[in-house]
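Line by line, the protein sequences are chains L and E. Going by this note's numbering, the first sequence opens with residue 1, and the numbers climb by one from there. Going by this note's numbering, the second sequence opens with residue 1001, and the numbers climb by one from there.
These are calculated hints, taken from the structure and not from any lab test. Predicted, not measured: the structure shown is a model, and the values here were computed from it. Hints may be right or wrong, so weigh each one.
[To be verified] Below, a list of computed lysine to any residue pairs in the SDA-like style, where the Cα atoms sit at most 20 Å apart:
hint : chain 1 : residue 1 : chain 2 : residue 2
1    : E       : LYS1016   : L       : GLU50
2    : L       : LYS56     : E       : ARG1125
3    : E       : LYS1083   : L       : GLU12
4    : L       : LYS124    : E       : GLU1059
5    : L       : LYS82     : L       : GLY54
6    : E       : LYS1083   : L       : GLN59
7    : L       : LYS51     : E       : LYS1078
8    : E       : LYS1083   : L       : GLU106
9    : E       : LYS1086   : L       : ALA89
10   : E       : LYS1083   : L       : PRO27
11   : L       : LYS119    : L       : ASN76
12   : E       : LYS1078   : E       : ARG1128
13   : E       : LYS1083   : L       : GLY19
14   : E       : LYS1086   : L       : ILE6
15   : E       : LYS1078   : L       : PHE42
16   : E       : LYS1086   : L       : LYS119
17   : E       : LYS1083   : E       : GLU1059
18   : E       : LYS1086   : E       : GLY1096
19   : E       : LYS1083   : L       : LYS124
20   : L       : LYS56     : E       : PRO1152
21   : L       : LYS56     : L       : ASP21
22   : E       : LYS1016   : L       : ALA89
23   : E       : LYS1086   : L       : ILE40
24   : E       : LYS1014   : E       : LYS1086
25   : E       : LYS1016   : E       : ASN1145
26   : E       : LYS1083   : L       : GLU100
27   : L       : LYS51     : E       : GLU1154
28   : E       : LYS1086   : L       : PRO27
29   : L       : LYS90     : E       : PRO1110
30   : L       : LYS56     : E       : ASP1109
31   : L       : LYS9      : L       : LYS124
32   : E       : LYS1086   : L       : LYS90
33   : E       : LYS1086   : L       : SER39
34   : E       : LYS1086   : L       : GLY36
35   : L       : LYS90     : E       : LYS1083
36   : E       : LYS1083   : L       : LEU18
37   : E       : LYS1083   : L       : GLY98
38   : E       : LYS1086   : L       : GLU16
39   : E       : LYS1078   : L       : GLU22
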Amino acid sequence: MDRDEIYAKVTEVLVEALGVDEDEVSPSATLTGDLGAESIDFLDIVFRLEKTFGIKIDQGELFPDNVAQNPDYVENGQVTAKGITELKAKLPHADFSGLESDPSVENVGEVFTVDAVVKFVEKKLNR
Amino acid sequence: MRWSWIDIITDVEKGKRLVAIKNVSMAEDVLHDHFPAQVGPAGQALDPAPVMPASLLIEGMAQTAGLLVGYTGDFEEKVILGKIVKATFEREVTPGQTVRFEAHLERMDPSGANTTGTITVLDHRTGRHEHVAHVELIFSHIDQNMAGTEFPEENFVFTDNFRSLLRAAGMI
Chain L
1 MDRDEIYAKV
11 TEVLVEALGV
21 DEDEVSPSAT
31 LTGDLGAESI
41 DFLDIVFRLE
51 KTFGIKIDQG
61 ELFPDNVAQN
71 PDYVENGQVT
81 AKGITELKAK
91 LPHADFSGLE
101 SDPSVENVGE
111 VFTVDAVVKF
121 VEKKLNR
Chain E
1001 MRWSWIDIIT
1011 DVEKGKRLVA
1021 IKNVSMAEDV
1031 LHDHFPAQVG
1041 PAGQALDPAP
1051 VMPASLLIEG
1061 MAQTAGLLVG
1071 YTGDFEEKVI
1081 LGKIVKATFE
1091 REVTPGQTVR
1101 FEAHLERMDP
1111 SGANTTGTIT
1121 VLDHRTGRHE
1131 HVAHVELIFS
1141 HIDQNMAGTE
1151 FPEENFVFTD
1161 NFRSLLRAAG
1171 MI
């Protein structure tokens, strides 16, 4: 399956799971900020990706759990340098450029763009 | 048994499906408000029109499917309805009818589960079973998803409300 096909299917998943219009979905759109995803939606998205692509996604593999509450990652409302390094290692598909320039904990969700989900699926399928 | 929208469990297969039944009765307060006698647009008196609220049929399915998820995990997790993924209704349910909820477990992992279910109704006047709704739900195992938030140690989801149903079905 090539990247365009994956993108089209991921778009379908997000339209179904988040009730957004297809034209709201773009590679750089963030799931929480732009598409309005809430925490339970991440579970929905994971279930749908598994079904659509026939893959198995472990808990925390695509979206890490509870970064904001993790004292190893967050200090005084800011994601620590160590936190960013570890998250980057765990989530090579995500886009950390925004979080690196402003490491406020509210920006953690911004690393999950549509493109990050597409990259994640692509890697899973090619493994 | 206040917030119990199923009356009895009739079938259960751990990890697969659970079937529950509810008899809809005029003794239920909600049916007197949904909908009461009204005055029509031309000033004419309209009879009361008791209809089982669709939202409570979804709740009945959530209880049916939630028990299936809980039972499959040996009631170790606190299973909370996280999301109504889809609910499509084709007909209304009225007093005197028997509702049948059948929930299927689609997927379950440490963080939660998703279920699909059908609601059908037995109309005792005709003896026919009719399709009412299709409902897809997502449940969260909250202790796995809300780290940093303290919840009581005891399982407050599967309380006495449900225990007598579970006992009657031989599930506990």
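Results for each hint:
1. LYS1016(E) to GLU50(L): 19 Å, holds
2. LYS56(L) to ARG1125(E): Answer violated: LYS56(L) to ARG1125(E) is near 48 Å, above 20 Å.
3. LYS1083(E) to GLU12(L): With Cα atoms ~18 Å apart, LYS1083(E) and GLU12(L) stay inside 20 Å; holds.
4. LYS124(L) to GLU1059(E): 36 Å, violated
5. LYS82(L) to GLY54(L): Judged against 20 Å, a Cα distance of about 34 Å means the pair is violated.
6. LYS1083(E) to GLN59(L): Holds - the C-alpha atoms of GLN59(L) and LYS1083(E) are around 18 Å apart, at most 20 Å.
7. LYS51(L) to LYS1078(E): 25 Å, violated
8. LYS1083(E) to GLU106(L): Violated: LYS1083(E) and GLU106(L) sit about 23 Å apart, past 20 Å.
9. LYS1086(E) to ALA89(L): Not OK: LYS1086(E) and ALA89(L) at ~36 Å, beyond 20 Å, violated.
10. LYS1083(E) to PRO27(L): 26 Å, violated
11. LYS119(L) to ASN76(L): Given pair LYS119(L), ASN76(L) is violated - Cα atoms ~31 Å apart, limit 20 Å.
12. LYS1078(E) to ARG1128(E): 37 Å, violated
13. LYS1083(E) to GLY19(L): This hinted pair holds, its Cα atoms lying about 13 Å apart.
14. LYS1086(E) to ILE6(L): 24 Å, violated
15. LYS1078(E) to PHE42(L): Judged against 20 Å, a Cα distance of about 19 Å means the pair holds.
16. LYS1086(E) to LYS119(L): 28 Å, violated
17. LYS1083(E) to GLU1059(E): 12 Å, holds
18. LYS1086(E) to GLY1096(E): Since the Cα atoms of LYS1086(E) and GLY1096(E) sit roughly 27 Å apart, the hinted pair is violated (cutoff 20 Å).
19. LYS1083(E) to LYS124(L): Distance of about 27 Å is beyond 20 Å: violated.
20. LYS56(L) to PRO1152(E): 32 Å, violated
21. LYS56(L) to ASP21(L): 27 Å, violated
22. LYS1016(E) to ALA89(L): 37 Å, violated
23. LYS1086(E) to ILE40(L): Between LYS1086(E) and ILE40(L) the Cα gap is close to 14 Å, so the pair holds against 20 Å.
24. LYS1014(E) to LYS1086(E): Not OK: LYS1014(E) and LYS1086(E) at ~24 Å, beyond 20 Å, violated.
25. LYS1016(E) to ASN1145(E): 23 Å, violated
26. LYS1083(E) to GLU100(L): With Cα atoms ~32 Å apart, LYS1083(E) and GLU100(L) exceed 20 Å; violated.
27. LYS51(L) to GLU1154(E): Since the Cα atoms of LYS51(L) and GLU1154(E) sit roughly 34 Å apart, the hinted pair is violated (cutoff 20 Å).
28. LYS1086(E) to PRO27(L): This hinted pair is violated, its Cα atoms lying about 26 Å apart.
29. LYS90(L) to PRO1110(E): 19 Å, holds
30. LYS56(L) to ASP1109(E): 11 Å, holds
31. LYS9(L) to LYS124(L): 15 Å, holds
32. LYS1086(E) to LYS90(L): Roughly 32 Å between the alpha carbons, so the hint for LYS1086(E) and LYS90(L) is violated.
33. LYS1086(E) to SER39(L): The hint holds at about 18 Å.
34. LYS1086(E) to GLY36(L): Distance ~18 Å between LYS1086(E) and GLY36(L) Cα, so the pair holds.
35. LYS90(L) to LYS1083(E): 27 Å, violated
36. LYS1083(E) to LEU18(L): Distance of about 11 Å is within 20 Å: holds.
37. LYS1083(E) to GLY98(L): 30 Å, violated
38. LYS1086(E) to GLU16(L): 10 Å, holds
39. LYS1078(E) to GLU22(L): Violated - the C-alpha atoms of GLU22(L) and LYS1078(E) are around 35 Å apart, more than 20 Å.
When each numbered hint is compared with the structure, violations occur for hints 2, 4, 5, 7, 8, 9, 10, 11, 12, 14, 16, 18, 19, 20, 21, 22, 24, 25, 26, 27, 28, 32, 35, 37, 39.
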